[in-house]
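Engineer: Chain by chain, the residues:
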Amino acid sequence: MAKKNPNLIILSSGEAFQPFRYSVGVYGSRFFYELKENKKFFGVRCPVCRKVYVPPRPLCGPCYRLMDEWVEVGPLGTILSFTILRFAFIDPETGQKKPVPYGYGFIRLDGADTNLQHFLELPKNSAIAIGSRVRPVFQEPRQGNLKDIAYFEIVGG
Amino acid sequence: MKRVAIIGSGQTDHTGSRPDVTGAELIQEAVSRAFENTGLKRKDIDAVVIGNMDHFEGINGVELWSIDGNAGFLKPTIKLTTGGTTGSTLAIAGYHLVASGFFERLLVIGWEKNSESDTTGAITTAFDPVWDRMVFAGAVAGLAAEAMAYCHRYGATAKDAARVAARDRKNALNNPHAHLKKEITVEEVLRSPLISDPLRIWDMCPRTDGACAVIFAGEDAAEKLSSKPAWILATADRHPYTYACDVDFSSLHSLEQASREAYRMAGIKEPLKEIDAMELYLPYSYAGLSWIEALGLAKPGEGPKLVWDGATDMAGELPVNPSGGVISTNPIGATGLIRAAECALQISGKAGARQVPDVKIALSTGFGGCFWSDVLIYGQKKP
Chain A
22 MAKKNPNLII LSSGEAFQPF RYSVGVYGSR FFYELKENKK FFGVRCPVCR KVYVPPRPLC
82 GPCYRLMDEW VEVGPLGTIL SFTILRFAFI DPETGQKKPV PYGYGFIRLD GADTNLQHFL
142 ELPKNSAIAI GSRVRPVFQE PRQGNLKDIA YFEIVGG
Chain B
27 MKRVAIIGSG QTDHTGSRPD VTGAELIQEA VSRAFENTGL KRKDIDAVVI GNMDHFEGIN
87 GVELWSIDGN AGFLKPTIKL TTGGTTGSTL AIAGYHLVAS GFFERLLVIG WEKNSESDTT
147 GAITTAFDPV WDRMVFAGAV AGLAAEAMAY CHRYGATAKD AARVAARDRK NALNNPHAHL
207 KKEITVEEVL RSPLISDPLR IWDMCPRTDG ACAVIFAGED AAEKLSSKPA WILATADRHP
267 YTYACDVDFS SLHSLEQASR EAYRMAGIKE PLKEIDAMEL YLPYSYAGLS WIEALGLAKP
327 GEGPKLVWDG ATDMAGELPV NPSGGVISTN PIGATGLIRA AECALQISGK AGARQVPDVK
387 IALSTGFGGC FWSDVLIYGQ KKP
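Protein sequences, first through last, are from chains A and B. Just so we're on the same page, our numbering is the position in the first sequence counted from 1, plus 21. Just so we're on the same page, our numbering is the position in the second sequence counted from 1, plus 26.
If you're looking for bench data, these hints aren't it; they were derived computationally from the structure. Cβ atoms here follow ideal geometry from the backbone N, Cα and C, with glycine treated the same way. Any given hint could turn out to be false.
Unchecked claim - Here are some of the chain A residues that sit facing chain B, going by a computed Cβ distance under 10 Å:
1. Tyr85
2. Leu101
3. Gly126
Unchecked claim - DSS-like mimics (lysine-lysine), calculated; alpha carbons at most 30 Å apart, straight line:
4. Lys376/B - Lys299/B
5. Lys25/A - Lys208/B
6. Lys325/B - Lys185/B
7. Lys250/B - Lys376/B
8. Lys60/A - Lys145/A
9. Lys207/B - Lys25/A
10. Lys28/B - Lys254/B
11. Lys208/B - Lys376/B
12. Lys185/B - Lys145/A
13. Lys207/B - Lys28/B
14. Lys325/B - Lys72/A
15. Lys25/A - Lys196/B
16. Lys331/B - Lys208/B
17. Lys185/B - Lys299/B
18. Lys69/B - Lys250/B
One chain only, chain B, in its complex shape:
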């Protein structure tokens, strides 16, 4: 198995609606930026992996109709789609395909044009029509029920969650690619309209048009093409449920299990101390309390204390979401891949105003479907 690194990436300037471009044109913007960033050309790429969730646009087969924009013309081109985890699945698959030795320089693309449909209606089509759809209401209602159960169990409050949203939105001010670039206070989150008890509008991620392209390279190419590649130390994923109604709400088991496997692979024993930055797929504020417990950063019920202590702020012990996270930017098929691109920028020291000083180890996650989780760990030092 070959060692693999991310050597560069390109992102669009994510925003709520891009009526000036088609899907293929949006994809091409991110791909061009990844080529500019790495100095590579289309001819240097061995294969392309691309993904989104078809129902957001209602057009199947992006690997076909975006072939010019995705740079895959007459090259091996693979499409992947796993709902919310699409972007992190793309990153894990990118690692697998290069580690296998089949491809040396791989272009991985995640994208979505969420402005083209009703996001919640489209998400509903990913769920079982017999048992789940009648009452289902996309990501919002399932996550609201998760928040309700978490607060019931541990006494966490809306104010605790609002602190997470305020943190991520503040971080987004440093990211030129972020969609929502306006600071919000804890009080503004608490005053925003209730959408699904206990979630308010500013507790929830937006829907975004955007694309992200990342270049994965095998060991030889990585060291030749980049002075500071972000080496991939571990990948893991877990899928726990068949139906949305099977969820037990006691914890995000998939993230507990995937993170423990990834820590073991990367030799990490104390994640809070050993990891320098995290880009977490937190689609709503309460996840920033309970899912950091699932990651082992705090004991069950103690996530709020870690957040209020400032440990996850930019100047804290373990900055979470220097990019502004999913609460600031959410082009769904790209969202998990943006987390990978951002971790690689942190490792390479190229994250600009959102750079965390001296990041040696970074971790990203993906979330989707029936409470599925993906985890990737990146390192400055070659494994």
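With the rest of the complex left out, here is chain A:
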């Protein structure tokens, strides 16, 4: 079988890491400004279907309408679903293996109709469950990105 052949050469790319510079846009920038300066969460409401989008974005895709009504949401939320990630993989942002295990939640902030994906604190005594109430634990100092929330923790957990 070919895979046993010691003469076959595999060329490694080494510790390749390519930095990028991503635009966050006006709506995303406002969300992160409020998060950084005021520890507040904002979404935008569609004038047609009334859905509140978090992350905020200018356009409601299904209605194809621009949105400009900003709505404060959270900071408390509910776990829509979650998992506990247990296998290590390469984080393409850093080129390093991501530390595991970590709690991974889809969090519906109060007043929002879509979710934030974020880390969940893994509680020692109480189990995480769908429907659990969570609150954000903020990072100090904050930089204006999603990492300004360190993780969400179970309320009363």
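For this one, chain A is given, so just place chain B on it according to the hints.
Structural biologist: Chain B alone, transformed into the frame defined by chain A:
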């Protein structure tokens, strides 16, 4: 619009790692087998459509650097990439390009060399760097959250899901091209290591090196070149979300909608009764419970019962994944196209040991991105 059929295909012998070939050489293996299978030569092909997901290899532009292997030298050559749905997008595009009348004999190729990178890391690059990537963990974590929500809603169990994995892995024993060819029991799935709650390693598809090439032909060429072409009766696709965090987990809406459109186009009213075989893009076991509900084969929450009753087994009313499916073989850019090639083999009666008797109608799906779905339906009778 012209009628279109699949008249033949070629697949590599899929495996976890092929250090003996480059990407272009792997592609060439599948293309040569498709030519052998159909009796066609490079000169008979009007155009080539090829696809993969670039980040698995970290090399962009396969339509350029594989030009010798993909048989497209000095011919129209098009590259498509849509993440997990790449293979099914290729099949749908193959249909569109031939149905339009622009090309009569089209070579469609899907491939991946997943051994060349960290699969989960590469999948992560398909998602939004501002909102999704920080916590994201490829297909595994999103699907784990989907499984968690499905079990919470309907009380389905890990054992129900393991029954799906055991079925597909057993079917793979009949497929000479399959990657994982070892039978596993429900108990072995339940004892395998937990990777992302509630998913265990044997609930999840592998990562595979492999390629698949399929020849699409217009009506005249199809009837001249094949005694039993697999006619394409319907194609449909749906893309529901911008961000991975927009998912609502209540059902696979994209598959519900795409399948209903395809059923309407093909005149199918009762899919469980009217369709004879399905090759579904089920990247993990729980999808074999909830997504067959989205396809309308069972009511919401009743997928597990249909699976335990044996309806989806090889001897059942509607065999699902006679090839062993994605849980047995997953060269990602080829995966959706393999489903199309396998359905065509079933319709043509050339599926060997994995043949389901007398397949008149078959259906394949593709899955990817933010819970996107593609559906194709094939028939023995010319539409």
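Engineer: All hints, please: hold or fail.
Structural biologist: Against the structure, the hints:
| no. | hint | result |
| --- | --- | --- |
| 1 | Tyr85 | violated (13 Å) |
| 2 | Leu101 | holds (6 Å) |
| 3 | Gly126 | holds (8 Å) |
| 4 | Lys376/B - Lys299/B | holds (23 Å) |
| 5 | Lys25/A - Lys208/B | holds (20 Å) |
| 6 | Lys325/B - Lys185/B | holds (19 Å) |
| 7 | Lys250/B - Lys376/B | holds (18 Å) |
| 8 | Lys60/A - Lys145/A | holds (27 Å) |
| 9 | Lys207/B - Lys25/A | holds (19 Å) |
| 10 | Lys28/B - Lys254/B | holds (18 Å) |
| 11 | Lys208/B - Lys376/B | holds (23 Å) |
| 12 | Lys185/B - Lys145/A | holds (27 Å) |
| 13 | Lys207/B - Lys28/B | violated (39 Å) |
| 14 | Lys325/B - Lys72/A | holds (28 Å) |
| 15 | Lys25/A - Lys196/B | holds (27 Å) |
| 16 | Lys331/B - Lys208/B | holds (25 Å) |
| 17 | Lys185/B - Lys299/B | holds (26 Å) |
| 18 | Lys69/B - Lys250/B | holds (17 Å) |
When each numbered hint is compared with the structure, violations occur for hints 1 and 13.
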